[in-house]
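K.L.:
Following the hints, put chain B in place on chain A, whose structure we already have.
The primary structure of each chain is shown beneath.
Number of protein chains: 2
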Amino acid sequence: MHFELTKEFIENLIEIINKKDDKKAAEIMAEMRAADIAELYDKLNIEQAKYLFLLLEDREKAADVLAELDDNDRARFLKVLPDEVIASKFIDHMDSDDAADVIADLPDERQEEVLQKIKDIDQAGDIVDLLAYDEDTAGGLMGKEIVTVNINDDVEHAIAEIRRQVDEVDDIYYVYVVDDDYILKGTISLTKLLLAAKGTKIKDIYNDDVIYVKADMKAEEVAKLSDKYDLVALPVVDEIGRLLGRITFDDLVDVMREEAEKDYQMMSGISEDVEHSDKIWRLIRARLPWLLVGLVGEIIGSKVLSAYEGQLASHAALAFFLPLIAAMGGNSGVQSASIVVQGLANGTISMGSTFKKILKELSVAMVNGLICAAILFAYNFFFSDSFALTVTVSVALFSVIIFASLFGTFVPLTLHKLKIDPAIATGPFITTSNDIFGLIIYMTIGGILFSLL
Amino acid sequence: MHFELTKEFIENLIEIINKKDDKKAAEIMAEMRAADIAELYDKLNIEQAKYLFLLLEDREKAADVLAELDDNDRARFLKVLPDEVIASKFIDHMDSDDAADVIADLPDERQEEVLQKIKDIDQAGDIVDLLAYDEDTAGGLMGKEIVTVNINDDVEHAIAEIRRQVDEVDDIYYVYVVDDDYILKGTISLTKLLLAAKGTKIKDIYNDDVIYVKADMKAEEVAKLSDKYDLVALPVVDEIGRLLGRITFDDLVDVMREEAEKDYQMMSGISEDVEHSDKIWRLIRARLPWLLVGLVGEIIGSKVLSAYEGQLASHAALAFFLPLIAAMGGNSGVQSASIVVQGLANGTISMGSTFKKILKELSVAMVNGLICAAILFAYNFFFSDSFALTVTVSVALFSVIIFASLFGTFVPLTLHKLKIDPAIATGPFITTSNDIFGLIIYMTIGGILFSLL
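Sequence order for the protein chains is A and B.
Each residue of the first sequence is one higher than the last, beginning at 1 in my numbering.
Each residue of the second sequence is one higher than the last, beginning at 1 in my numbering.
In case anyone wonders, no lab produced these hints; they're calculated from the structure.
Note that the structure is a prediction, hence the values are computed from the model and not measured.
Check each hint, because a few of them may be wrong.
Which copy? The list can't say, so a pair holds if one copy fits it or any two copies do.
For lysine-lysine, the following DSS-like pairs were computed, each having C-alpha atoms within a straight-line distance of at most 25 Å [as the list claims (entries may be wrong)]:
no., residue 1, residue 2
1, 360, 7
2, 117, 303
3, 262, 360
4, 61, 224
Isolated chain A, as found in the complex (with noise of 0.2 Å):
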């Protein structure tokens, strides 16, 4: 079925690896598939990962594991191996894509000398070509293992074609059909070519209905497309239609979650894709950033209060509303911010005007605030004996929801606008801004109202 990485197990393995018992522990690396073992090296210190990685029999399983491995073990790994290794025992054996990957995390001065090295002269061209484009495009994702039969061939012509370029490529989702020039005509499935009568032409049975996208393309905008159109492999293609490589669908799920990783830490205030296993360091230095912009903005926020010195010296109770104000105008932005983010991530909210979206939002803020405020109302009516605190209260958490979902909408639209990823507008930003213009609206209220009443 599928492996589950223990506790036990790993301790277990520790203990061959100290023994140094080789054939347990190649018997043991034989039978784990590629990514339990990039699982796994991540629990073990680079020694006891560069003996098991040695071990390894199996070139092709070598060469996926070191696909398989982040990016943080993957360099670790690749700063002890030789030259030599790295270009015999992993590049000749890997996809195009991972392979230029593999070549790209390798420092300036080792990516020429690992290129000579390789044996495969085809592979270093193609891995050459790769490492041209953009990583962040549909260029940097592509693979150039593809399997294409002419648009003039025969059904048996094809077949043999295929045959023969088939050794390459470890999944053939889609055969692509092109013609003379290789340009890119539509695809063709395995079983329609197994289900053909003999003779029957490639071009009165293909399907010229494809999508496919240029190799410029953002990585986000190809995988939106492919799981838009529930796509497993997309053909890349050059500007005048020629086909180049294609891209995998699992390249294009890494793609999403990272997208949604990246809006998720935006969202808590960390500056880093960083997980709990990480070094301490590194957590600190993800969490620092944003923690010191919530300082200065809550420093900024405190200075100005203190304009206020007076109002809440003689009366007192103001004071202890200030983190309900400032909490509740920070939920409301959030909620209105994240909205807007998620939206414009999926493509759900890209049409119509921004003015229309604040009205829609204003709408909402209406009905929470006055929901919100009604409650906070009944609370103090009962509870304090301060009207003027009561009514300042109410009406100030109402009007710091409305300004903080406006304001929450807005920043984010305003963002994508000026082309900077709007989800910046979701972390401490948002609640810290909010926190400062709610405490000014509060305290403002607070010196009408209370003269007044």
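P.N.:
Same frame as chain A, now just chain B:
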């Protein structure tokens, strides 16, 4: 290439619908892909959408459109279509998993009626089988469309058998190898079948290392598994290993996306899956619950503060930093909680003791807390005339960051152990709790230090 749904396109189409230009409308529908039509329907009213739907001549495509529609759109659509049309025009042409989803969306009393009107009795049987599974399990995700060959066959028989079965299955990703009792033994690729010499037995060339899942496995677990091993389709078996169906990557990508969206919404304090384009009352309903939770929490906070009325009245400056303390506690807590929640979601945090994790969090919080407290100390040292306040605010900030970080780590870990979704700990719940505890810490430290200094 691919289609983009523009404002102009929609306006133009609505004009055609209003003119009742059947021919032109049918032409446009014939050119569009199912996913694009589903996207289009979201922008039309139900009458316009129904009009276009009934003009769709390609029944396969019509069925695909119904499968692609989001739940709300589909529900309002099914409401206006007669049982007869649903059964013969759509269900008969859908994959069994999509068909079961559609039937499950119907009100109970209609389900049986539609099921009885399905002409293809095999399809109806498959749907009834699938309806038995919980929709959040592997069984609920799988389709019955699989291609199988017997392990004892030779290649020619197997290919003939595939030809016979292939009509039902859109995309053959894997051909499954079963024994006489339909027990799953492994897989074989079409290319391997194509390349094999005449007379070769399946049992000599099939791949017996197949990853499969049991029908009652949680959908989320299935998605993790397919993501880890980059699987395009996963076979599903019953308790004794008999092959029941397969789950394709597109359905698993949907599960992953929904999980990510759920966590994101939880963090933003939104209790339902909503989009900005949803109706106003839905947006209100999705956002109000957590606002109310926050409100009640903060009312408790104000009550806590009122216990310190004397202290606040005699040192009004203490109030200036109330929002700062509350906000910084909230920010640190959300950071910790979100790292834990994400770690639990992607499985990188499963092993080891809670105590160790808390200890690690403590180190991170100490460093960040010290840095923030030092900056605040420096600020107040130069700009505030009260040394007691300067010390109080910095000590409180340090303590609150420590407390909030530990609390933010502890709560989701504990929820997870209690089998409650830990993502609850990332939303307004954590910020509100941290607010209250933060205020108590702050006022207590203030009380002590102001009496000492």
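K.L.:
Evaluate each hint against the coordinates.
P.N.:
For each hint, the structure was consulted:
In this assembly of identical chains, residue 360 and residue 7 lie within 25 Å of each other by CA distance solely across copies; the values are 19 Å between and 52 Å within a copy. When the C-alpha separation of residue 117 and residue 303 is checked against a cutoff of 25 Å, the pair qualifies neither within a copy, at 63 Å, nor between copies, at 72 Å. Proximity of residue 262 to residue 360 under the C-alpha cut-off of 25 Å is restricted to the inter-copy arrangement: shortest distance 23 Å between copies versus 27 Å within a copy. For a Cα distance limit of 25 Å, the shortest separation of residue 61 from residue 224 across copies, 21 Å, qualifies, whereas the shortest one inside one copy, 31 Å, does not.
Violated hint for the displayed structure: number 2, the only one.
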